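Enquirer: Sequence:
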Amino acid sequence: MSPKTRLNLILLSVTVLLVGGNVAAFSYKIWGPAFTVAWNDYWSKKILKPAVKAGDRLASDCLGVSDFYSVHLTTYFLADSDESAGGAVDDRSKYDEYCDRVPETGRVIFAVTFMEKEVRNERIALSFYQTDSAGALKELNSLPPKRYPSGMLSVDATVAHKGKYVLRIAFGEGKNKEDLIDMPILVGK
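Numbering (the numbering used here), first residue to last: 26 to 214.
Treat the hints as calculated values from the structure; they're not laboratory data.
Bear in mind that the values here come from a model prediction, so they are computed numbers and not experimental data.
Possibly wrong hints are sitting among the right ones.
Stated by the list, open to error - Pairwise CB distance ranges, derived in the manner of DEER restraints:
hint	residue 1	residue 2	range
1	Leu-42	Glu-198	56 to 66 Å
2	Leu-88	Asp-181	54 to 64 Å
3	Val-39	Asp-157	49 to 59 Å
4	Glu-129	Asp-157	12 to 22 Å
We treat Cβ as the ideally placed atom computed from N, Cα and C, and that holds for glycine.
All chains, full assembly: derive it from the sequences and hints.
Expert: Here you go:
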(Lines of atoms letter the chains of each structure in order from A; the text may use other names.)
(Lines give C-alpha, C1' and ligand atoms only; values in the text may rest on other atoms or scores of the structure.)
Protein backbone atom coordinates (compact mmCIF):
# COMPACT_ATOMS: atom_id res chain seq x y z
CA MET A 26 0.00 0.00 0.00
CA SER A 27 1.41 3.34 -0.99
CA PRO A 28 1.91 6.13 1.57
CA LYS A 29 -0.59 8.31 -0.29
CA THR A 30 -3.32 5.61 -0.03
CA ARG A 31 -2.53 5.02 3.63
CA LEU A 32 -2.81 8.76 4.33
CA ASN A 33 -6.14 8.92 2.49
CA LEU A 34 -7.50 6.01 4.56
CA ILE A 35 -6.36 7.66 7.79
CA LEU A 36 -7.98 10.97 6.76
CA LEU A 37 -11.20 9.16 5.80
CA SER A 38 -11.26 7.34 9.18
CA VAL A 39 -10.69 10.57 11.11
CA THR A 40 -13.44 12.32 9.11
CA VAL A 41 -15.90 9.48 9.75
CA LEU A 42 -15.08 9.54 13.47
CA LEU A 43 -15.51 13.31 13.70
CA VAL A 44 -18.81 13.31 11.80
CA GLY A 45 -20.09 10.31 13.78
CA GLY A 46 -19.08 11.90 17.09
CA ASN A 47 -20.82 15.16 16.20
CA VAL A 48 -23.99 13.39 15.07
CA ALA A 49 -24.03 11.33 18.30
CA ALA A 50 -23.39 14.39 20.47
CA PHE A 51 -26.01 16.60 18.84
CA SER A 52 -28.66 13.88 18.72
CA TYR A 53 -28.11 12.76 22.34
CA LYS A 54 -31.39 14.35 23.43
CA ILE A 55 -33.18 11.88 21.14
CA TRP A 56 -31.43 8.60 21.91
CA GLY A 57 -29.63 9.33 25.21
CA PRO A 58 -32.41 8.85 27.79
CA ALA A 59 -33.57 5.55 26.27
CA PHE A 60 -30.00 4.30 26.08
CA THR A 61 -29.33 5.28 29.70
CA VAL A 62 -32.44 3.44 30.92
CA ALA A 63 -31.56 0.33 28.89
CA TRP A 64 -27.96 0.44 30.14
CA ASN A 65 -29.04 0.76 33.79
CA ASP A 66 -31.67 -2.00 33.43
CA TYR A 67 -29.09 -4.33 31.90
CA TRP A 68 -26.52 -3.80 34.64
CA SER A 69 -29.00 -3.79 37.52
CA LYS A 70 -30.03 -7.30 36.44
CA LYS A 71 -26.43 -8.47 36.16
CA ILE A 72 -25.28 -7.23 39.54
CA LEU A 73 -26.92 -8.99 42.47
CA LYS A 74 -26.34 -6.87 45.51
CA PRO A 75 -28.59 -6.05 48.42
CA ALA A 76 -29.54 -2.58 49.49
CA VAL A 77 -27.06 -1.31 52.04
CA LYS A 78 -29.60 0.84 53.82
CA ALA A 79 -33.24 1.78 53.48
CA GLY A 80 -33.77 4.02 50.50
CA ASP A 81 -30.81 2.59 48.53
CA ARG A 82 -33.05 1.43 45.72
CA LEU A 83 -35.21 3.51 43.45
CA ALA A 84 -38.94 2.94 43.73
CA SER A 85 -39.01 1.74 40.12
CA ASP A 86 -36.44 -0.99 40.82
CA CYS A 87 -38.96 -3.00 42.83
CA LEU A 88 -42.21 -1.85 41.25
CA GLY A 89 -44.84 -4.13 39.76
CA VAL A 90 -47.63 -2.60 37.70
CA SER A 91 -50.75 -3.51 35.80
CA ASP A 92 -53.10 -1.20 33.92
CA PHE A 93 -54.83 -0.08 37.13
CA TYR A 94 -52.62 -1.08 40.06
CA SER A 95 -49.05 -0.77 41.24
CA VAL A 96 -47.18 -2.38 44.12
CA HIS A 97 -43.72 -2.08 45.60
CA LEU A 98 -41.94 -5.31 46.56
CA THR A 99 -39.23 -5.73 49.16
CA THR A 100 -37.82 -9.22 49.60
CA TYR A 101 -35.99 -10.29 52.72
CA PHE A 102 -33.84 -13.40 52.52
CA LEU A 103 -32.41 -15.85 55.05
CA ALA A 104 -30.12 -18.50 53.57
CA ASP A 105 -30.74 -22.13 54.45
CA SER A 106 -27.12 -22.82 55.39
CA ASP A 107 -25.65 -23.59 58.81
CA GLU A 108 -23.93 -20.20 58.78
CA SER A 109 -27.25 -18.37 58.78
CA ALA A 110 -28.55 -20.29 61.80
CA GLY A 111 -27.72 -18.25 64.87
CA GLY A 112 -24.56 -16.31 64.16
CA ALA A 113 -23.48 -12.98 65.49
CA VAL A 114 -26.23 -10.70 66.75
CA ASP A 115 -24.76 -7.70 64.96
CA ASP A 116 -24.57 -9.49 61.58
CA ARG A 117 -26.95 -7.31 59.60
CA SER A 118 -26.33 -9.17 56.33
CA LYS A 119 -29.18 -11.48 57.37
CA TYR A 120 -31.53 -8.54 56.86
CA ASP A 121 -30.44 -7.41 53.42
CA GLU A 122 -33.22 -6.23 51.13
CA TYR A 123 -33.73 -7.60 47.64
CA CYS A 124 -36.33 -7.07 44.95
CA ASP A 125 -36.90 -9.78 42.37
CA ARG A 126 -33.54 -11.57 42.67
CA VAL A 127 -32.53 -13.74 45.59
CA PRO A 128 -28.92 -14.99 45.77
CA GLU A 129 -29.61 -18.60 46.80
CA THR A 130 -32.11 -20.99 48.33
CA GLY A 131 -33.61 -20.41 51.76
CA ARG A 132 -36.45 -18.56 53.40
CA VAL A 133 -37.85 -15.45 51.76
CA ILE A 134 -40.26 -12.90 53.14
CA PHE A 135 -42.10 -10.77 50.60
CA ALA A 136 -43.35 -7.39 51.84
CA VAL A 137 -45.77 -5.81 49.36
CA THR A 138 -46.84 -2.18 49.63
CA PHE A 139 -49.84 -0.96 47.63
CA MET A 140 -49.10 2.33 45.90
CA GLU A 141 -52.75 3.44 45.51
CA LYS A 142 -54.78 4.24 48.62
CA GLU A 143 -58.01 3.16 46.91
CA VAL A 144 -57.03 -0.53 46.92
CA ARG A 145 -57.02 -0.66 50.72
CA ASN A 146 -60.78 -1.28 50.56
CA GLU A 147 -60.50 -4.05 47.97
CA ARG A 148 -60.00 -7.72 48.59
CA ILE A 149 -56.49 -8.76 47.58
CA ALA A 150 -55.01 -12.25 47.28
CA LEU A 151 -51.36 -13.20 46.99
CA SER A 152 -49.83 -16.43 45.70
CA PHE A 153 -46.24 -17.59 45.35
CA TYR A 154 -45.43 -20.16 42.65
CA GLN A 155 -42.45 -22.14 41.46
CA THR A 156 -42.06 -22.32 37.68
CA ASP A 157 -40.96 -25.60 36.15
CA SER A 158 -39.03 -26.00 32.88
CA ALA A 159 -42.28 -26.26 30.90
CA GLY A 160 -43.59 -23.00 32.36
CA ALA A 161 -46.21 -24.61 34.63
CA LEU A 162 -46.79 -23.05 38.04
CA LYS A 163 -46.71 -24.98 41.32
CA GLU A 164 -48.15 -23.07 44.27
CA LEU A 165 -45.84 -22.85 47.28
CA ASN A 166 -47.75 -20.42 49.49
CA SER A 167 -50.77 -18.15 49.29
CA LEU A 168 -52.88 -15.70 51.22
CA PRO A 169 -56.66 -15.81 50.72
CA PRO A 170 -58.43 -12.66 49.48
CA LYS A 171 -58.94 -10.08 52.19
CA ARG A 172 -58.70 -6.34 52.77
CA TYR A 173 -55.44 -4.75 53.87
CA PRO A 174 -56.35 -1.33 55.33
CA SER A 175 -52.70 -0.66 56.22
CA GLY A 176 -51.73 -0.81 52.55
CA MET A 177 -49.18 -3.57 53.16
CA LEU A 178 -49.07 -7.33 53.26
CA SER A 179 -46.37 -9.91 53.74
CA VAL A 180 -45.96 -13.58 53.09
CA ASP A 181 -43.07 -15.91 53.66
CA ALA A 182 -42.07 -19.06 51.81
CA THR A 183 -39.16 -21.40 51.45
CA VAL A 184 -37.38 -21.61 48.11
CA ALA A 185 -35.72 -25.01 48.01
CA HIS A 186 -34.42 -24.90 44.46
CA LYS A 187 -32.64 -22.37 42.30
CA GLY A 188 -34.73 -21.20 39.39
CA LYS A 189 -37.72 -19.09 38.45
CA TYR A 190 -40.64 -18.24 40.70
CA VAL A 191 -43.66 -15.96 40.38
CA LEU A 192 -45.29 -13.78 43.01
CA ARG A 193 -48.88 -13.06 41.90
CA ILE A 194 -51.02 -10.34 43.42
CA ALA A 195 -54.74 -10.48 42.51
CA PHE A 196 -56.95 -7.46 43.10
CA GLY A 197 -60.71 -7.90 43.55
CA GLU A 198 -61.86 -11.00 41.72
CA GLY A 199 -58.54 -11.26 39.90
CA LYS A 200 -60.20 -12.60 36.75
CA ASN A 201 -58.84 -10.07 34.26
CA LYS A 202 -55.26 -9.41 33.28
CA GLU A 203 -55.67 -5.81 34.50
CA ASP A 204 -56.42 -7.12 38.00
CA LEU A 205 -53.25 -9.24 38.26
CA ILE A 206 -49.63 -8.34 38.84
CA ASP A 207 -47.14 -11.13 38.23
CA MET A 208 -43.67 -10.42 39.57
CA PRO A 209 -40.99 -12.88 38.41
CA ILE A 210 -38.51 -13.86 41.12
CA LEU A 211 -35.13 -15.39 40.22
CA VAL A 212 -33.36 -17.50 42.82
CA GLY A 213 -29.65 -18.14 42.53
CA LYS A 214 -29.21 -16.72 39.04
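Enquirer: Does the beta carbon distance between Leu-42 and Glu-198 stay inside 56 to 66 Å, or does it fall outside?
Expert: 60 Å, holds
Enquirer: Has the hinted range 49 to 59 Å been met by the Cβ atoms of Val-39 and Asp-157?
Expert: Given range 49 to 59 Å: holds, Cβ gap about 56 Å.
Enquirer: Do the Cβ positions of Leu-88 and Asp-181 conform to the proposed distance bound of 54 to 64 Å?
Expert: Since the Cβ atoms of Leu-88 and Asp-181 sit about 21 Å apart, the hinted range of 54 to 64 Å is violated.
Enquirer: Is the distance from the Cβ of Glu-129 to the Cβ of Asp-157 consistent with 12 to 22 Å?
Expert: Holds: the Cβ-Cβ distance is about 19 Å, inside 12 to 22 Å.
Checked against the numbered hints given earlier, this structure breaks only hint 2.
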